[in-house]
Structures are given as structure tokens and as C-alpha cells.
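Peer 1: Fit chain F to the supplied structure of chain E, relying on the hints for placement.
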Amino acid sequence: MAHSLAMEWEKLRPFHKTSRTVMLSIGLAVSVSAIVSAAMASGAKHMTAADRHTFDSIGISLQGVNAAVLAIAAFGVLCMTREYSTGMISVTFLAQPKRLRVLLAKLVTHATVAGIAGICACAAAFAVGQALLGTQGLAVSWSAARLPAALTGGVLYLVLLCVWGIALGALLRSSASAITWMASILVVAPVIVQILPTDVVHRVERWLPSQIGTAAMSTHSDPHLFTPWVGLAVLAGYVALTLVAGAYRMARTDP
Amino acid sequence: MIEVRELTKHYGPRTVVNQLTFRVDPGAVTGFLGPNGSGKTTTARMILGLTDPHAGSATINGRRYSELRRPLCEIGALINPSAVAPSRTAIEHLRWLAAANGISRKRAAHVLSMVGLDSAGGRRVGGFSLGMKQRLGIAAALIGDPPVLLLDEPINGLDPEGIRWIRTFMQDLAAQGRTIFVSSHLMSEMALTATQLVVIGQGSLIAAESVADFTERADSSVRVRSPQLEELSRALAVEGASLWRVDDALDIVGVSIEQVGSIAARIGAVLYELAPQRASLEEAFMQLTADACEYVPVQRGA
Numbered sequence: 001m002a003h004s005l006a007m008e009w010e011k012l013r014p015f016h017k018t019s020r021t022v023m024l025s026i027g028l029a030v031s032v033s034a035i036v037s038a039a040m041a042s043g044a045k046h047m048t049a050a051d052r053h054t055f056d057s058i059g060i061s062l063q064g065v066n067a068a069v070l071a072i073a074a075f076g077v078l079c080m081t082r083e084y085s086t087g088m089i090s091v092t093f094l095a096q097p098k099r100l101r102v103l104l105a106k107l108v109t110h111a112t113v114a115g116i117a118g119i120c121a122c123a124a125a126f127a128v129g130q131a132l133l134g135t136q137g138l139a140v141s142w143s144a145a146r147l148p149a150a151l152t153g154g155v156l157y158l159v160l161l162c163v164w165g166i167a168l169g170a171l172l173r174s175s176a177s178a179i180t181w182m183a184s185i186l187v188v189a190p191v192i193v194q195i196l197p198t199d200v201v202h203r204v205e206r207w208l209p210s211q212i213g214t215a216a217m218s219t220h221s222d223p224h225l226f227t228p229w230v231g232l233a234v235l236a237g238y239v240a241l242t243l244v245a246g247a248y249r250m251a252r253t254d255p
Numbered sequence: 256m257i258e259v260r261e262l263t264k265h266y267g268p269r270t271v272v273n274q275l276t277f278r279v280d281p282g283a284v285t286g287f288l289g290p291n292g293s294g295k296t297t298t299a300r301m302i303l304g305l306t307d308p309h310a311g312s313a314t315i316n317g318r319r320y321s322e323l324r325r326p327l328c329e330i331g332a333l334i335n336p337s338a339v340a341p342s343r344t345a346i347e348h349l350r351w352l353a354a355a356n357g358i359s360r361k362r363a364a365h366v367l368s369m370v371g372l373d374s375a376g377g378r379r380v381g382g383f384s385l386g387m388k389q390r391l392g393i394a395a396a397l398i399g400d401p402p403v404l405l406l407d408e409p410i411n412g413l414d415p416e417g418i419r420w421i422r423t424f425m426q427d428l429a430a431q432g433r434t435i436f437v438s439s440h441l442m443s444e445m446a447l448t449a450t451q452l453v454v455i456g457q458g459s460l461i462a463a464e465s466v467a468d469f470t471e472r473a474d475s476s477v478r479v480r481s482p483q484l485e486e487l488s489r490a491l492a493v494e495g496a497s498l499w500r501v502d503d504a505l506d507i508v509g510v511s512i513e514q515v516g517s518i519a520a521r522i523g524a525v526l527y528e529l530a531p532q533r534a535s536l537e538e539a540f541m542q543l544t545a546d547a548c549e550y551v552p553v554q555r556g557a
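In order, the protein sequences belong to chains E and F. Each residue of the first sequence is one higher than the one before, starting from 1 at the first, in my numbering. Each residue of the second sequence is one higher than the one before, starting from 256 at the first, in my numbering.
Since the hints were derived computationally from the structure, they do not count as laboratory data. Be a bit skeptical, because a hint or two may be false.
To be verified - Listed below are the simulated SDA-like cross-link pairs for lysine to any residue, each with C-alpha atoms no more than 20 Å apart in a straight line:
(1) E/Lys-45 with F/Asn-316
(2) F/Lys-361 with E/Lys-98
(3) E/Lys-98 with F/Leu-305
(4) E/Lys-45 with F/Arg-324
(5) E/Lys-45 with F/Arg-379
(6) E/Lys-98 with F/Arg-324
(7) F/Lys-361 with F/Arg-325
(8) E/Lys-98 with F/Leu-323
(9) F/Lys-361 with E/Ala-6
(10) E/Lys-98 with E/Trp-9
(11) E/Lys-98 with F/Asn-316
The shape of chain E in the complex, shown without the other chains:
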């Protein structure tokens, strides 16, 4: 297993396209958080005292993480599909014939990178968002009680999406179809759900990964959504199912 981890780490180390998606995800998290926070700050003068009281300062400044997930999921997808599309996966299996170890090594190395990137993205997004919100007195302090949970939720959301990307890549083997699926789940599905009748929306939206992510980073509970930990457990369930299917295909079907 140590050799498999060394192999995947050595593949990741040179800073190529795949790793660039990680930087992209951090950049997206920070910039989108900045835009959202700046917009909120500019509207602050119209806020009532009640509005200020219920204002989800932490959730708003972590909004950018929702934009970063697609990039981090693509990072996971590409680590599998780029090997299948070039045929390099055969060379990988020559070096490590135990295919599930290859999968495990990819999961460990990429989830680690996604975790570190996630911490940077969440912390930076929060810092920038708070700085902008602070101009209107809407900031919370770094010692806010619910901050650790929200930041952990954001990081876990990113790591789970990276793992989901790897699983989907192992299952579909094609960058185009795996990323299309990922984008459909994260971006298209919420839009489609929103045009359904309100009572249906309230029953369905909690199951959407994007809503689970939002809820995990929010400090205000929405009765129509899962609580942060239940939501993340549901998301982990989706990931686990895809992972089992991907592992099965990887082990059983010729590369």
C-alpha cells in the first residue's frame, strides 16, 4: 500500500492541469464569497434590527464554497478519467495489479489534497467575506461559537465531493460524461427543483447535494433542510454507493 500511495503522490506532485483545478477551486471560493459578501454589505443600510439579528454572517461568507465544489469534484473526476482516456491506467495496473489498492491510494491522496485545499478555501473565503461584511458591522469574530462546525462542514463537503468525483470517474471512465453528471447534480438539479410546486420543493430539496452543502455551512437551521450532520451523512451515503459501483467496474472490467 505504501508503494501505491507513493505512486499516486508522485503522479500528483508535478503541478499540472489536474492540480490547477485545486487552485481554481480556492480562487472560486474566495472570489464568490467576496462578491456575495460585498453585495450583502452594500444592502446593509436597508436591514432592520430583526434582519441583523437573523443574518447568517458565517453562511454568507462561506457562499463561495458552493462555487468551489464543482472544481474540486472535477479534480477527483480527472484523476480517474485522464488515466482511462490516455490508456495510462493499464500502465498503472502493471505497476500495481491489485486494482482496489490503486483506487484506495487515489482516494487517500486526493482526499488529502482536497482537505488541505478545503481548509484554505473555507478559511480564506471566511476571512475575505468577514472583512467585507465587517465594514457594515455584520461580521462575527473568529471565536464565534458556531464557526468551527460551519468550517468543518464546508471542508467535509469539499472532500466528499472530491471522493464522489473519483467514484464517478471510476464508474464512467469518461471526463465528459462524469463532469456532465456532476454539473447536473450540483447546478442543474437545484434549478429544476426550484420550478416545481412549493410543497414538492420542500420535500425534495433537502436531498440535493448542493442544499446539503449549504445547510452544512449555515448557522441558521432551515426546517425544510437536513441538519448539517444528517445532511453530510446522506451525502456520504450517495458517495459510498457510487464508490461501490465504481470499484466494482474498476476491478471487474478490463481497462
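Peer 2: Relative to chain E, chain F alone:
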């Protein structure tokens, strides 16, 4: 040593590899010959554990590929030279392979210089020609300094200089006592490189023997030039020989060269030339694979 026993693979109703049994010994370049689509690549992939056989087994030094702990140090393989990430440099590609089997990082630069790519080590593989990718693939096969090498069509895309290089390179590796198994559909090239042959047609074994034995099995003819070809033809036909005119000479099949000489002496024919015509490896191959099913597999010299 590579040993293949009763190896069989079906794709749907089609049997691609059919009860293939042969052995590849160390110290020689063994050519793996067969027309395109005869099952060479499928056999290679089964030896390397990339494709599961439906029956039979393939072992490298007595163990299946999946049982090898550091496979790159036991067998080096080249199956698809384009199977590299185009954005990685040549040296980066070799470094992750080295890491995968706990091989020293220095080995990457070493094998790169062995294949003559030292100056291209820092270049992205995406910009490599097919010939350079072949060389990189061979460097990758050598990364673990393995005693066995399996190269699938390594001369595809190489220029004449490259073909000559790989020919002597493989012969040198065999002279070091390594097992070299090279597949090709180019008979003429194998005639120059290999001393042993495994020949398959439609997934079945046609021959596993030395190049010399293989060419000997093909029909050889005798060529005669004489001013009295008419008389000679009649006398030879009576003896049961088949013959045909080639310009001012006669090619004879079915009687030995000694018989031809005796018959010529008996009828008092003057001979300008009496010579054996040995079939080339290519002709032997064409004859023996013309209809693979007609020929019973022969295993010799094992």
C-alpha cells in the same frame, strides 16, 4: 521465463485465443508472430494480468502477474506507447513508475539515457513523436531492471535508425540472459531479430520453435538452368516433381536436389545452375498461416 498453459479467451461467440500453450526461455529474443487480429495483444494482456482469461494460465518465472509483489522488477512490458499523460514530462512519467515499485528515483534518468532520450527528459510527452513514445515505453519497461521483457509491436512508428537500434538493443538484453518476448506482424523484421518463434493464427498455436526449424518446414524448391530445359522437364515430371518456368530457369518442388542432379546426368542434360531455394521466414509464415486450421500445432525444441 514466461509460461502459457491452455490459455483461452472468448469475446462473445468469437474465440480470440484458443488453448494456447508455449514457453518463452531466457537468453534469446523470441518473436511472437501472427497476422493482425490473431490474438497477440490479447495474449500479451492476459500474461500481464490486464485481461482475465476464460481458461488456462500464464506465469512469469512461475507466478501469475497478480501475485508479483514488485511486478516492474520482474517483468517489463510495453503494450501501448501512447498510454502516457501528455502533460507530464518523460522523467516525471518514469518517476511515478519508479515510486510505484519502490525503485530509486535515479533509475528514471538512467533508463532514459539507455534509450537515448536523455535530452528530452524535461519535455512534455504530448509533443513526442510515436518513435520517441516507443523509446519512452521501452525505458518504462526497463525501470525495474527486470529479467523478463514483453514488448508488443515495439517497432511501430520507429524510423529505420530506430528499428536498427531496437534490434541490437533487444539482442544485447537477451545476451545478458534476459527473456525477451517481442510481438510483431512484420516477419522480415523478426527474421533479423529473433532466434526463437511463437507463431499463432486465429488464436491457435501454429509453431513454437527456432527460426531455422520454422523456415525449414516450409516447402523449399530447387532451381535449375540448362539449355535442355524441355527434356529435363519431361524427365522430372515422370519422377513426380511439380515445376514451373521462371525466365530461362526451372523451379522444381517435390524432388530433392540430389535427385534433380541424377536425373540430369541420366538424360545427359547440361546444367548451368543447380541451386536450393530456401523459403524466407516470410514465405514460410505465409504458407503456414494461409489457413491456420489446416495445420496441427507442433511444439519442438522445448
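Peer 1: Let me make sure I understand: some of the numbered hints might not hold for this structure. Which ones are they, in numerical order?
Peer 2: 1, 2, 4, 5
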